[in-house]
Amino acid sequence: MVRITDLKLLKLNTLKDVLKLEIPNVHDVRGKLAVVEKETIPFAIQRVYYLYDVPSGADRGGHAHKEQESVILALSGSFEVIIDDGKDKKRIMLNRPDIGLYVPTGIWREIENFSSGSVCLVLASTQFDESEYIRNYNDFVSSKIG
Numbered sequence: 017m018v019r020i021t022d023l024k025l026l027k028l029n030t031l032k033d034v035l036k037l038e039i040p041n042v043h044d045v046r047g048k049l050a051v052v053e054k055e056t057i058p059f060a061i062q063r064v065y066y067l068y069d070v071p072s073g074a075d076r077g078g079h080a081h082k083e084q085e086s087v088i089l090a091l092s093g094s095f096e097v098i099i100d101d102g103k104d105k106k107r108i109m110l111n112r113p114d115i116g117l118y119v120p121t122g123i124w125r126e127i128e129n130f131s132s133g134s135v136c137l138v139l140a141s142t143q144f145d146e147s148e149y150i151r152n153y154n155d156f157v158s159s160k161i162g
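Under this note's numbering, the residues of the sequence shown are numbered 17 to 162, in order.
Everything labelled a hint here was simulated from the structure, so no lab data went into it.
Hints should not be assumed to be uniformly reliable.
[Stated by the list, open to error] Distance ranges between label pairs, derived from CB positions:
(1) Val157 <-> Arg46: 42 to 52 Å
(2) Leu49 <-> Glu83: 13 to 23 Å
(3) Arg151 <-> Arg107: 31 to 41 Å
(4) Leu35 <-> His79: 16 to 26 Å
[Claimed, not checked] No more than 25 Å apart at the CA atoms, straight line, and that leaves these computed lysine-lysine pairs for DSS-like:
(5) Lys103 <-> Lys36
(6) Lys82 <-> Lys32
(7) Lys36 <-> Lys105
(8) Lys54 <-> Lys36
(9) Lys36 <-> Lys82
(10) Lys36 <-> Lys106
(11) Lys105 <-> Lys32
(12) Lys103 <-> Lys32
(13) Lys82 <-> Lys103
(14) Lys82 <-> Lys106
(15) Lys32 <-> Lys106
(16) Lys82 <-> Lys48
(17) Lys54 <-> Lys82
(18) Lys36 <-> Lys48
(19) Lys48 <-> Lys32
We treat Cβ as the ideally placed atom computed from N, Cα and C, and that holds for glycine.
Construct the entire structure; sequences and hints are all you get.
Here it is, written out as structure tokens:
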């Protein structure tokens, strides 16, 4: 449950603030090399985690952040990210390791339809802090009113 004192912390970002980012890469006959540097990502990376071996039909996410910004990448395979700003929803397919999805604070995200062998990498602007998650959708929508 979101406390009333937390509501002012949730930035009122909208779907227009969610951006696809191109990850620079170089390639030659030996393959491709993608490079993530501080100029590539719009925040200082504090945590990196990845999802893999996600069972068929399973979904991940189902939350928003009050403080954390994220970039989500499909390192292998594909999956869909559903983003929601409390008014509008959009479904984005990620299937290229050189395209990341920037998700600012205050955007609900769900990830589903993982292909076999997919790997979802997340670059995060904060260390893990359970108190900055909003895990109840109704609380999220209520926090966006105003």
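Query raised in the report: Which hints from the list above does the structure break, by number from lowest to highest?
Result: 2, 3, 16, 19
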